[in-house]
Every structure is written in structure tokens, then in C-alpha cells.
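There are 2 protein chains.
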Amino acid sequence: MGAGDEFELIEAMRRTYEAAGGPPPGEVWIGDDAAVVTGSAGPLLLATDLVVAGVHADPAVSTAADLGYKALAVTVSDLAAMGARPRWALVSLAGPPGSDVLAVAAGVAEAAAEVGCAVVGGDLSAAPVVTVSVAVVGSLVPPGEPGPLRRSGARPGDSLWLTGPLGASAAGLRLARSGATSGAAAPLVAAHRRPRARLAEGEAARLAGASAAVDISDGLVADARHLAEASGVGLALVGIPVADGATPAEALAGGEDYELLLATPDGSRLVAAFAAAGLRPPLPVGTCTPSPGHHRLDDGPLPAGGWRHRFGAPEGG
Amino acid sequence: MGAGDEFELIEAMRRTYEAAGGPPPGEVWIGDDAAVVTGSAGPLLLATDLVVAGVHADPAVSTAADLGYKALAVTVSDLAAMGARPRWALVSLAGPPGSDVLAVAAGVAEAAAEVGCAVVGGDLSAAPVVTVSVAVVGSLVPPGEPGPLRRSGARPGDSLWLTGPLGASAAGLRLARSGATSGAAAPLVAAHRRPRARLAEGEAARLAGASAAVDISDGLVADARHLAEASGVGLALVGIPVADGATPAEALAGGEDYELLLATPDGSRLVAAFAAAGLRPPLPVGTCTPSPGHHRLDDGPLPAGGWRHRFGAPEGG
Numbered sequence: 007m008g009a010g011d012e013f014e015l016i017e018a019m020r021r022t023y024e025a026a027g028g029p030p031p032g033e034v035w036i037g038d039d040a041a042v043v044t045g046s047a048g049p050l051l052l053a054t055d056l057v058v059a060g061v062h063a064d065p066a067v068s069t070a071a072d073l074g075y076k077a078l079a080v081t082v083s084d085l086a087a088m089g090a091r092p093r094w095a096l097v098s099l100a101g102p103p104g105s106d107v108l109a110v111a112a113g114v115a116e117a118a119a120e121v122g123c124a125v126v127g128g129d130l131s132a133a134p135v136v137t138v139s140v141a142v143v144g145s146l147v148p149p150g151e152p153g154p155l156r157r158s159g160a161r162p163g164d165s166l167w168l169t170g171p172l173g174a175s176a177a178g179l180r181l182a183r184s185g186a187t188s189g190a191a192a193p194l195v196a197a198h199r200r201p202r203a204r205l206a207e208g209e210a211a212r213l214a215g216a217s218a219a220v221d222i223s224d225g226l227v228a229d230a231r232h233l234a235e236a237s238g239v240g241l242a243l244v245g246i247p248v249a250d251g252a253t254p255a256e257a258l259a260g261g262e263d264y265e266l267l268l269a270t271p272d273g274s275r276l277v278a279a280f281a282a283a284g285l286r287p288p289l290p291v292g293t294c295t296p297s298p299g300h301h302r303l304d305d306g307p308l309p310a311g312g313w314r315h316r317f318g319a320p321e322g323g
Numbered sequence: 007m008g009a010g011d012e013f014e015l016i017e018a019m020r021r022t023y024e025a026a027g028g029p030p031p032g033e034v035w036i037g038d039d040a041a042v043v044t045g046s047a048g049p050l051l052l053a054t055d056l057v058v059a060g061v062h063a064d065p066a067v068s069t070a071a072d073l074g075y076k077a078l079a080v081t082v083s084d085l086a087a088m089g090a091r092p093r094w095a096l097v098s099l100a101g102p103p104g105s106d107v108l109a110v111a112a113g114v115a116e117a118a119a120e121v122g123c124a125v126v127g128g129d130l131s132a133a134p135v136v137t138v139s140v141a142v143v144g145s146l147v148p149p150g151e152p153g154p155l156r157r158s159g160a161r162p163g164d165s166l167w168l169t170g171p172l173g174a175s176a177a178g179l180r181l182a183r184s185g186a187t188s189g190a191a192a193p194l195v196a197a198h199r200r201p202r203a204r205l206a207e208g209e210a211a212r213l214a215g216a217s218a219a220v221d222i223s224d225g226l227v228a229d230a231r232h233l234a235e236a237s238g239v240g241l242a243l244v245g246i247p248v249a250d251g252a253t254p255a256e257a258l259a260g261g262e263d264y265e266l267l268l269a270t271p272d273g274s275r276l277v278a279a280f281a282a283a284g285l286r287p288p289l290p291v292g293t294c295t296p297s298p299g300h301h302r303l304d305d306g307p308l309p310a311g312g313w314r315h316r317f318g319a320p321e322g323g
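Protein chains in written order, with the working numbering: chain A, 7 to 323; chain G, 7 to 323.
No lab work stands behind these hints: they were computed from the structure. For every residue, glycine included, the Cβ atom is placed at its ideal position computed from N, Cα and C. Don't take every hint at face value.
Covered stretches of chain A (chain G as the covering partner; in silico rule of three or more C-beta atoms under 8 Å from a C-beta of chain G) [what the hints assert, rightly or not]:
#1 43-54
#2 123-132
Sample of chain G residues with no beta-carbon within 10 Å of chain A, all distances over it, derived [stated by the list, open to error]:
#3 E24
#4 G32
#5 A41
#6 T44
#7 A47
#8 P134
#9 S165
#10 A182
#11 T187
#12 A190
#13 P193
#14 G245
#15 D250
#16 A278
#17 T295
#18 D305
Could you put together the complete structure from these sequences and hints?
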């Protein structure tokens, strides 16, 4: 059997994923039909994302390791937006013959180690393009109240906050495609290639009484709408912070920043909690209004936009 | 926005998945950043599989719904092989424009309903080919001892059993490709298109003191080796049962039957437990021997074979 044999690769991946430590006594990770982990009190949080080379990452910009890093990070970001911590991940990798799936796994492992999440199982398959599917299981710390941060908990009068300025990912993609990857472009390109899940921020917000949260994956204009529609409130957004080097359009609709949009009835408590946790101060971006469907940005309507995959017949079909 | 809009599709999928019932109070399923489910005592079992049209299913033989059904069923089969029950599934669907992802979701939902597993979240994406990734979280019932059925628990002298005859899936694929899908071919084609996870059998075996189990996904010759190698035993297989209409080669190496191979120190207890549960009698197929690496079939060596995905350089490269 050659170097690309499935079972040799799985063993190499197991070593990669367990570099930060293998299963504790009583647990089973990679190598059996299913993983066995130790349950605990309180709710479980479950999230998954599928990342496809050429769709979610431009192979001319992002390496195989970047793709793996991103797949893990964006899935964990869904837990950050609930104020939860990731505990275990399952990672399926697929690609055509010659794919460097071990490089993808190395990127997954790096992202997982950074957030303290164990990769405990997965699948390996052939596919026409490199594809990474990650599922994460998380929990709340402590396990009781306050509960997970829903999208639907915002109320009229709640203030809205971002965990950081927006547009860095879209600007980084633009710059990398133009060949600019060093100097001032470097942090923007890094933000695109290796997004960070705002886990500490989500947890601090939940413990500080935030009412709702969503992560900015599809772009602020789309994700803010998701939060407003789920909560039955309107939006009055003002002064959206733009990352250095990004355009206002990239900040509003570029997507993939993975900052969190937070709503809270007590903004000063949120600010104090972030300060106490040593986090960057949250940035105020407006308020929730009592008018569902009314979405304002500064002095005008909130523009349309944001990323949507399309599947069915073409527009008009 | 057209009929293929991502968010309309997600809502249609939510209705499909929740046809058998939505989230109980306190739980959050589809529609937020992550699902929230109610944890419980005892270990959690985690498994995932990625299924790609054209790789794991021939589009000329299997419909989109069959592909979805299969993706859920084969993932759940990993829990069956541990003696566990599936509780929650995350399902990611991807495909090119025009893909009937709702038909895939309908097949997923049908398989999930049959095994009592709730689809609580997922992802929807563009991809060059239809791809389904399923992750399942399961538990043991009751949650305490005996623990999950490992591959590694077989001991010399344990008897080996199959939950059913083998080769039906491979025979069904052969027949469907030749245009024979009715009459005697129908149950074989159905076995290929819509495999069943042997959940009741796995659980009965665990509760009856079985020592090890593996599901037959890659073919008996491959999966029996997995069990033997993990357990550090040899194999003496005799009288492998061949499904009606299948060839002996299909039974040995065809794969995708998803029957369970069980080892136990007490075969009569296993037989009695299956009878008490109203299950088909398990079929004896040999014993575990004290000689690791020695794998016998009837009067000769166990042949090589079984399905392996390949990734790296071509053979010899």
C-alpha cells in the first residue's frame, strides 16, 4: 500500500490531533466506530459547518492548512455566538487523489488546540474537491444560568455592540488576490485566512446579561437582520466600525469577520465585563427599536447584501 | 429571491426535519447559531460520515433521497456498532446549482425518523457535487454498565457472529447497474440504496455481554481484520453467510452491508438475547484465536480486499 493509504493517513491524523494530549481514562477518541466522551450536567451545544475549497476559500489565497484552520474556527464561532465553549470536534476530510489532507488536518489541529477543543473522530473520503466538515459539541461554563445566547432574545431599547471592527476578511481577500500579502496587508490577509472565534467575548457577554448574539459570517447587514427578525425588533445601526485598510462596503457586507454582534439591556455591564476579562472594549453600534422590519443604518435604510448560497433554478427561473 | 434562496431552503428543511416533532421546551434546534439539547448522565457517543454523490453512491442507481437516507443510516451504524442509540444529528448538505437538496433532506429525515434521531442543526453550502455530512450524538440506554462495545474487547476463544448474511448491497449495486431492479433483485437493490443500521442488535449484544463489535462497511475481510487487530487476536472464520442472490466474493469484500460482526464469550446468551428482543438469530461465523495476525477463512488464509479510499501518490509513486 502506498503513502496515501486510508488507514495510514488516519493514524497520521490521530497523531496530529492528539499532539496536545490523547483521551483521558474511560474515553475513546479516534480509532473505533464512534468516539466515547464523558457527558456532564447542563445543556449540550451542537454546531456544524462544511467548507469547500474554491467556494469558501480561494486556493490561490488560502493554503490547505488555512482551509482546515478556517473550517474548525468558523464552526466554533457558532458556539461563541451562544456564549458556549467547544469541547469535542468531529472532522471529516475529503479530496481528490493527491490532496494534502494531512496539511488540512494540521490546520484543523492548530485551530482546535488554540480553543481547547479535542478532535475525537472523523471520516476520510474521496471527493472531487477538498472538502472539510466539522461538527462541534460544546457546553456552558458554568453549566447553569444564564442560558445560551439566542438570536431571539433582543428587546426594544437594548443596545447593540460589536466585538471588533468589520471588513478585515473581505479586505484581506481583495489584497491577497492583488498580490499584496505583506506589510499593512498582512494582518488583513491573516484575518481572511485564519479567522478567530470570539469565545471569550461570547462567554463574557452571556455572563454579563447580554440578551442576544449572532456571529458575523454572512456580513453585518445580513446577520443583523437575522438577529432582528428572530427577536422581533427593528434596528437602528450607527457608526459601524471599519477595520483599518477595509472599505465601508467590506465592513457592511463582506462577511467572514466572525466578530460577534451582541444585544444587551445593560451596556455598561457589558463594557465592565469585557474590561474585567482583559478583552478589547466592545464597540457600540446602535440600538434595537420597537419596529420589526424597520432596519436603519445611520440616516438611511440598511442596505441589502450579504452572502447567500444559491441552489435552485437561476434568478427568474 | 428565487426558490433556491438559502434561507427559504433552510426553513423548508426545518419543516422536513421537524415533521416528526420539534424541540421540547428548553431546547433549540434549527435556526440559531448552534443547537441546544439537554445533556444527561453517562457517556456521549460521537460519530460522523461524509457521503459524496458519485463516490459513495452511483447517481444512476441511487436517488437524491437515497443518498440522504444512506448518509444518516451509515453514521448511525457507527453507534449501532458501539451498542448505543442515536439522539441528535447535525446534517450538512452541499451541491451545485440545481441540486435537489430538499430531496436529500427528505431522505435524511426518513432515515432519522426510523431510528428515533432528531436532526437539530446543519449547514447548507455550494459545492461541485452533492455532498452530505452527518454527525450524530448518541448515548447508552441505560447509561451505566455495560459500557460501549469497543473493537478492541475480543479475547481468544470468543465466538464471532454476524447479525445477517452479507453481500446484498454489492449484489444490489451490480443488479441495478445491469438494469435489474424488480422481482428478486428488488430487496438487494433496496439493501444497497437504503442500508439499515443494526441498532437493536448492537444494543442487545452489549447488554448480553458481547466483548467487541464492528459494522461491516468496508467489507467483512477488512472489518474483521480491524476488530482482530484492535483486540490483538487472530481470526478463524468459517461458513460466512451469503445473502440470497449475492456471490461469495460480494459477501466477503463487497462492503456496505452494515451488518454487525460481534464477538462474545457467551454465544448462547447472545442467541437468547436476540430471541428475547424479537430479532433475527445471529449467525455464527467462527472464533477468535490466540494468534494475532493469523486470519483464516474456512481451510485457507483470509483473502485481502475491502474498500479503501486513496489520496496520496498513485501506487508505486
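A quick look at each hint next to the structure:
For a cut-off of 8 Å, the count of residues in the region 43-54 of chain A with a CB near a CB of chain G stands at 12, and the three-residue condition holds. A count of 7 residues in the region 123-132 of chain A with a Cβ less than 8 Å from any Cβ of chain G is obtained; the coverage claim is therefore met, three being the minimum. At roughly 15 Å from the closest C-beta of chain A, the C-beta of E24(G) stays outside 10 Å, upholding its exclusion from the interface. With a cut of 10 Å on Cβ distances, G32(G) falls inside the contact zone with chain A, its closest approach being about 8 Å.
In this structure A41(G) is not separated from chain A by more than 10 Å, as the shortest Cβ-Cβ distance comes to only about 4 Å. The Cβ of T44(G) does not lie farther than 10 Å from every Cβ of chain A; its closest approach is about 6 Å, which violates its non-interface assignment. A beta-carbon of chain A comes within 10 Å of the beta-carbon of A47(G); the shortest separation is about 7 Å. Separation of P134(G) from chain A is inadequate, the least Cβ-Cβ distance of about 5 Å not exceeding the 10 Å criterion.
Once the 10 Å rule is applied to beta carbons, S165(G) is consistent with being away from chain A; the minimum gap is 20 Å. Distance to chain A confirms A182(G) as a non-interface residue, since its nearest Cβ pair spans about 21 Å, more than 10 Å. Distance check for T187(G) against chain A: the nearest CB is about 26 Å away, which clears 10 Å, and the non-interface claim stands. With a least beta-carbon separation of about 32 Å from chain A, A190(G) lies farther than 10 Å from that chain, consistent with its non-interface assignment.
Every C-beta of chain A lies more than 10 Å from that of P193(G), the closest at about 26 Å, which supports listing it as non-interface. In this structure G245(G) is separated from chain A by more than 10 Å, as the shortest Cβ-Cβ distance comes to about 25 Å. Every Cβ of chain A is farther than 10 Å from the Cβ of D250(G); the closest lies at roughly 27 Å, confirming the non-interface assignment. Look at A278(G): its CB is around 25 Å from the nearest CB on chain A, clear of 10 Å, so calling it non-interface holds up.
Even its closest Cβ contact with chain A, about 22 Å, leaves T295(G) beyond 10 Å, as expected for a residue assigned away from the interface. Residue placement check: D305(G) keeps its beta carbon more than 10 Å from all beta carbons of chain A (closest about 27 Å).
Violated hints, in rising order: 4, 5, 6, 7 and 8; the structure is consistent with all others.
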